[in-house]
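Both chains come to you apart, so use the hints to assemble them.
Just so you know, the sequences run in chain order A and B.
Just so you know, this note's numbering puts the end of the first sequence at 438, numbered straight through with nothing missing.
Just so you know, this note's numbering puts the end of the second sequence at 283, numbered straight through with nothing missing.
Since the hints were made in silico from the structure, they are not lab data.
As the structure is a prediction and not an experimental result, all values here were calculated from the model.
Any given hint could turn out to be false.
Straight line, CA to CA, 25 Å or less: simulated SDA-like cross-link-like pairs of lysine to any residue [to be verified]:
#1 B:K134 / A:T261
#2 B:K180 / B:Y141
#3 B:K4 / A:A366
#4 B:K4 / A:E367
#5 B:K4 / B:P66
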Amino acid sequence: MNRSPSSSYQQWLASASACILFGNPNNKRTAGWQQARAHHHLSSALVVPYIRILHTIRVGESLDDLLQAVFQRQSHQSHPIEVASSISHQVPLLLRLDAPGDHFAVERELIALGASDAEGDIDDRLVPLDAYTVGHLISATEARRLQPQHGRIWYPAQWFRGYCRLLSWLQREVSILLPQAQWMNDPADIAVMFDKRRCHQWLHAAGVAVPPLVPDLLGQQSNYEQLRLSMEQHRIYRVFIKLFCGSAASGVIAYQYNPRTGAEIATTTIGIDHSGHEPFYYNSGRLRRYTDSATIVQIIDWLGREGMHVERWISKDSWQNKAYDIRQLVCRYESGHAVMRLSHTPITNLHLRNERLLVDQSHLSAEQVLQIQHIASAGLHCFPNSFCAGIDVLVPSSGGHPYIIDMNPFGDLLYYVEHQGLGTYAWELQQWLEHECI
Amino acid sequence: MEVKFSVDYDQNEKGVRLKDLITGLVSDPEPCRGITSLIIGDWGAAYEDTMDDAIPALIEASPLLPNLKSLYIGDMSSEECEVSWINQTNLGPLLAAYPQIESFTIQGSTGLSLEPLHHDKLHTLTIICGGLPKSVLNEIYNAHLPELTTLTLYLGVEDYGFDGSIEDILPFLNQNPFPKLKYLGLTDSEIQDEIAIAAANAPVLEQLDTLDLSNGTLSDKGAEALINSDAVKKLKHLNLNYHYMSDTMIKRWKDTGLSVDTGDQQEVDEDGEYEWRYPALTE
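Pulled out of the complex, with its shape left as it was, chain B reads as follows (with noise of 0.2 Å):
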């Protein structure tokens, strides 16, 4: 059973709090035990506030949710918080608390860390943000996670966050830290081409099913070198959903017979002698 809660304007207005919810939650145990999936969603005005004062409660409310599988902080639409405006805070904790979770889902990078980053179960990390710092990116491939099978990172653009470069990401390519990693993500990227070449004949890809480069400004530059690599021919997926190159590229992707997803074509935007290029989450 999936549980969602969320704090919207109105109610963080008249005084609900996450934290009374949580140990509402939790004030009948039996129930808690179908628990599979929690999301947090808007933890009242995200854009104004971290969720601190309801990660205690949070934490007392694990070992009452022995079933849960999977945990979602931060699952807001542009709607109710735009992402790169969403205050995260240290959650490194929270996912120590909660040894019995395999995937952790994370919505907004501003004030994001994840400290200590050790979890001997856990086969999903996913962050979706406007702009990854390097800070985390160094925390996560610091960090100890023997489990974990798939990884997508929303890197961003520097405007919303994101203050690395390509090689800030280099190590996730060719010193990947993570042994049984069968899916790689490093998506939504304003350096997307940069990526893609330097991921062609990575590494880590002889370890990889699928390589997840969507979201981001690819163009024809990086497919080139992507289309050109054997390591490439070898994944059982390619995700390039989302992405500038043109329509021969896309041509030459399906004579390959690859599975490769080139759905979502963008338009470059010509401003001028500019041309300009977003990821998706930037928008």
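Only chain A is shown next, with the shape it has when bound in the complex (with noise of 0.2 Å):
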């Protein structure tokens, strides 16, 4: 009854079975965090708001000030964080990042914090290609009086930029409060994974496939008749165009021009909205397919500012006349969950109701299978310090190796597919308790 709530806090920072999960709370990849947790008998995790987190550094305060109102509030709440008793293994504090996209407060919050006027402890360190890191830019009062707009790509070289800075601090602070926990993933991995270019280049120099680049592209000033030129120049015809710092099909392109007659095709998810006083970016449901070359230039020569990631067009291998690609989730010592996504069109990703089916029921031989594991696997142990990742894996129509097109560090929210009998979280949390704990 006397106990303090500090006391308290601090008893569950030593406790055996701790977990801190960095997040947006009550979404489905939290929920299934902790419903991981429960099936194996742990106790809940501490979640941690993004939009606290950006509030924090925002004024000023401390990770240890954060925690412990945290604590505080979720020990009154629903979600009473227990301080279990009995564990049978020798856990230490793990630390989990999970996604902070969607949620338009803490999206307006990354981009302030990404502003060259933000306040707070700022720190660009973890940004992979810092001079490469500029888009159109706006003051962080600006990103602040942003209103939602659906589908929206709001400002994403300056966004990246904050959430790189959220990283660093997260990264300092807890190695200053809590030197004994071990982040899950990394957070300087997940500053690299999530941007495509330093990715690709971490990737490539490490011997794991990824496809080609159109070369002389790197940069932010490179724009549609750059992109056009190097075409023109070494021989390739078609390519997928990223937004660099892109999630699932957000900012992805599938370009292509006919070097005889000269007729371009855009396949993608981007859409321009004409209808204010400047044009802007969306995501739309569903993929357009353009055809005229001003919005085509449009389009390219915008995600070239904010900055782009540029590779040949693999001709991906089809099934049932459908082409496909595989995500593929490993932990460090093994591979799990694998779901193959079937599309009519070159974009397969999940979002656009395209249809997937387990690998186990498609036409892949045990021979393919392993070789997808064995180079996703390849491409997660270039990051030493990450424990899992969801890996997108194109297999070539041509029936040779397979390549890494995407790492994704928050890859693993995948519904309705097991894997040993477990959901991801389930696996990964198991994977975990086996070969990190004593």
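Below, the structure written as structure tokens:
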């Protein structure tokens, strides 16, 4: 009765089974992780909302202040944080970062944190390609005035800078306050995986197969004209253009032009809204196919200004007349859930109402499945401080070796798929308990 | 045995050529006797080049493929080349050099012609494309194909090469030139309703087992004509897969008890005051 909240907080921190989840509360990811904890008879994670982290940075408080406040709040609410008494494993304090997305207030604050006049303790050391992370810029005040607009892609380069600043802050605060804790995925790795340009370099340097780049395009200055010039010079007529920090199908264009006729096609979810005084770009729920050059130039120039990553479009293998890629979940020691994503279009991501199939129901041979698992694991091993990632693997139509086309530090939100009888989160946690705990 | 040749981007850049692959295949005649199906995929940058330089090699290979029954030219996915960008050529001489085959499939219609189109054994002809030019429709209509039982044409859209109208399709329905035809596919069309209305009571239905109007923009308008037709009721099967018919119309088809494929219902794309319907192969 007389126990002060602060002493119970200290007790909790020192307890054998504690876990802190940095994420957005009340979403499927957070709920999924808490269910996984319950499945393994572990106490609930302390959920530290992104919005609180952002506030803490802004006002110059410490992680300790933040954790105490969150701990007290959650202790008094519907999800009491228990201090578990009987745990068979010796589990170090586990820190898990989850996706910041799908939360407008968080998005707005991240853009504000990425502003040149951002308040608080600003640290750019985790921005992977600092000089090339400069898009359209707005002030922190302007950022906080933004109003939600469905699907709009807001200042992605500035958003990403803000997110990297948040990651730097967290990493540093943790190293001071909780030196014994273990990150599931290290914030520095998350920053690199998120920047497709840097991630591609990183994997390529380690000898992991990634689609070849269209040369000479790294940099914020690249635009449609330079892209076309480089494509022509290198006789590459089909490319994937990706917003450097997009997730899922956001900001992706499958672009091709016909060297014989000059016709061009850009297949993308990006739409342009002309209703206001200046056009803005948004992710539309359906795929668009642009063939008029003016629109294509406009979209690619915008992507180039924010920062784009351009790879050769390797023809994907098809199954039942649909092209596919594989989302392969891997943990450090083992491959987990795998989902085949099939589409009549070049863009296979699940959001776009494409089909999906479990890999063991597909036509893939055991050898191909092994090759996919192998390259996904090789990709994760390029990040020795990360435990788990969802990796998108392309199987080429030529029948050659597979390629990694994307690494997703938060790529574990997969529905209706089990591996060893477990959902993704429960399986990850099991892997962690088996391998990382004494 | 089925054999497929295809030259992908990297192979093409490295100088791999389809004609060499064909010559390599027939250099050992014995295994060639077992080949019943030959598929030519991407011949290397099909968006840029035709397969003209491989046609002589293919023609020369014919006597060494005595048991070939099926030939497919241009089997490539949109991952390899957009169907409307495939550069075809006159495939008439190639077909003439293969009197032994029974099934001929072509994908892509840009630059396509079929001159001459005389073949005594062919029973299946299929053309898959984004838009079939009326010149090709005329060549097929005037062909000499006495054994043809199955004809499937993707008619497509104007943007991708369909420069005809219902007038170019009517002859196939009203004065069909193929005495043994049992399966007629007039598919993937942006004027699928017009075709359905014209087909509903066309003379050709008397000889057909199957009418295939799939993959196009068929709506209740065209379906209404079909469902009211006595000739349609006598068909063994009606393929309307991929369509824009309403739930009510689908239910009405079910109630007829006829063998009708009404799968893959599409949603009309509403853009302001306009409603867009797309055939399957042009999205």
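Can you name, in rising order, the numbers of the hints this structure does not satisfy?
none
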